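Number of protein chains: 4
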Amino acid sequence: MSAESMPAPEIAVSKWFNTDAPLTLAGLRGRPVLIHAFQMLCPGCVAHGTPQAEKAHRLFEKTDLQVIGLHTVFEHHAAMTPVALEAFIHEYRLTMPIGVDDAGQEGPIPVTMARFAMRGTPTSILIGRDGNVLHHGFGQEEDMALGARIMQALIAAP
Amino acid sequence: MSAESMPAPEIAVSKWFNTDAPLTLAGLRGRPVLIHAFQMLCPGCVAHGTPQAEKAHRLFEKTDLQVIGLHTVFEHHAAMTPVALEAFIHEYRLTMPIGVDDAGQEGPIPVTMARFAMRGTPTSILIGRDGNVLHHGFGQEEDMALGARIMQALIAAP
Amino acid sequence: MSAESMPAPEIAVSKWFNTDAPLTLAGLRGRPVLIHAFQMLCPGCVAHGTPQAEKAHRLFEKTDLQVIGLHTVFEHHAAMTPVALEAFIHEYRLTMPIGVDDAGQEGPIPVTMARFAMRGTPTSILIGRDGNVLHHGFGQEEDMALGARIMQALIAAP
Amino acid sequence: MSAESMPAPEIAVSKWFNTDAPLTLAGLRGRPVLIHAFQMLCPGCVAHGTPQAEKAHRLFEKTDLQVIGLHTVFEHHAAMTPVALEAFIHEYRLTMPIGVDDAGQEGPIPVTMARFAMRGTPTSILIGRDGNVLHHGFGQEEDMALGARIMQALIAAP
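Residue numbers (the working numbering), protein chains in the order written: chain A, 141 to 298; chain B, 141 to 298; chain C, 141 to 298; chain D, 141 to 298.
Bear in mind the hints are in silico, worked out from the structure with no lab data behind them.
On a predicted model such as this, the values are computed, not experimentally measured, just so you know.
Don't take each hint at face value.
Same chains, same label: a pair holds when it works inside one copy or across any pair of copies.
Derived EDC-like pairs: lysine to aspartate or glutamate, alpha-carbon spacing no greater than 20 Å straight-line [what the hints assert, rightly or not]:
no.: 1; residue 1: K202; residue 2: E282
no.: 2; residue 1: K155; residue 2: E226
no.: 3; residue 1: K202; residue 2: D160
no.: 4; residue 1: K195; residue 2: E281
no.: 5; residue 1: K195; residue 2: E282
no.: 6; residue 1: K155; residue 2: E215
no.: 7; residue 1: K155; residue 2: E194
no.: 8; residue 1: K155; residue 2: E246
no.: 9; residue 1: K155; residue 2: D242
Whole structure, please, built from the sequences with the hints as guidance.
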């Protein structure tokens, strides 16, 4: 069994934006989920990754795909507070659901980031309808390849 | 029957680059085909459409997809000769197969461009495994949407 | 007398980054000064204006020009604190001197922003060797025009 | 005497576009001249250098600066003919005067290119009011630095 097919752990979110109800991977089982992990002060996220996730959110709006932005703060904690994130979401006109990764009790790495063993931001994780991780990428991703991966996950039988 | 599902007419090519043998849609039946129609002096092609088609050619290299660049010269015929196209292909390091659309006998519009009723350049046409036109777009296309469409065509049963 | 030649008011800064000593326009009299007013959560600043000011800082490093970044927070005050700005400066690797515009006592507009009657962010103000305002622009500025204006200010006799 | 201050040799042009009368450096003595040497099939010219020269032409339109595009064809001669260049100028909406560098009798390098010892395309040469070369650059140039250099040449006494 390859690393790609391991079951995704659950996300741990302390606060949500752009959604009326909290989201869980368990509740989304049967649908593909794209998690975009970012930090609002990460230049590569702001310039590329976050606009790309927002673009996917809008392009696949009428499909089963669920895009989730995850604010995985692992540095500059005093700067990237939920209040600051809210202003960031407003200024950059983000409409996808965005969750604050639970800071946890142990060190600077938040809970979901640790569970998925993310290496930094931006990280892009695609989860299939069956709850398994289909792709886990760190750094800049090509739009064309991402579009293809998402379609593949959408077409796959639940 | 919608316009999207009409059978693609055959391409008419007077000269090929980057391929040992001439390509035909009939010979490619069973595989998805992406046709990128361009002119080497069309700014929107040079800046966006042609690099995008080349990117698709490389990204889906190990799949069934066949990308075809088609030089559909409908203006400035004296400038965009096959000799000029060859230099263009060399300078822009294009590796996808590229055909010169047959100039034909009747007016400035080349044969394949007329058969497909293309509106100008760049034009992006995606043909399914069954030989039907899945998408016909004029102007700039999003990488993410193109990647998704190609994957959809690849997954569809022949 | 045109608006362009009015004497620049003094800047009011509550905290400095990237400089050992506080800067004042009075102390810089005799040298041209470029003030780049920005907010760390202003998308047009992050994508264009702030990198442009940093570029000017580096390009004209060996000349008399003094570039000053001015954090003119007039919205989202709870998000754009000095602590957050410090993280922003670190992440975006800014090396020009940056001052926090004094928040003042009256309403959301900080002191220097009000004194210069700035319309928003990004704002670019070029001050001549004689202390007069040579240019006051709001929004995106062309690199080529900015380079020309700076050189003109540098060549002018004190 | 540094290489920068050598007198510019005369340009040799076999055909002009976008100007009613032929231009010569002798005739332009007393004014700064920016020569942008390019080839219409040089990707770095099309994407960056040529739009930059056109931008300078428009930005400094009301000054003494004369911008000259020079088509210095040293490869793919059969592709980059004057007819092809005319179509290129039309499609890219270039309005600066553009001359075809005289092909000469000896080898592939055209006359002006050889006289200036240009290394390739794009090349940017700035000539002062006194007819001396102020700057000779090969490859991509920064807009901000170019704007500053042009202004410096404009302000210099004849």
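Original post:
Looking back at the hints listed earlier, which ones does the structure fail to meet?
Top reply: Violated: none.
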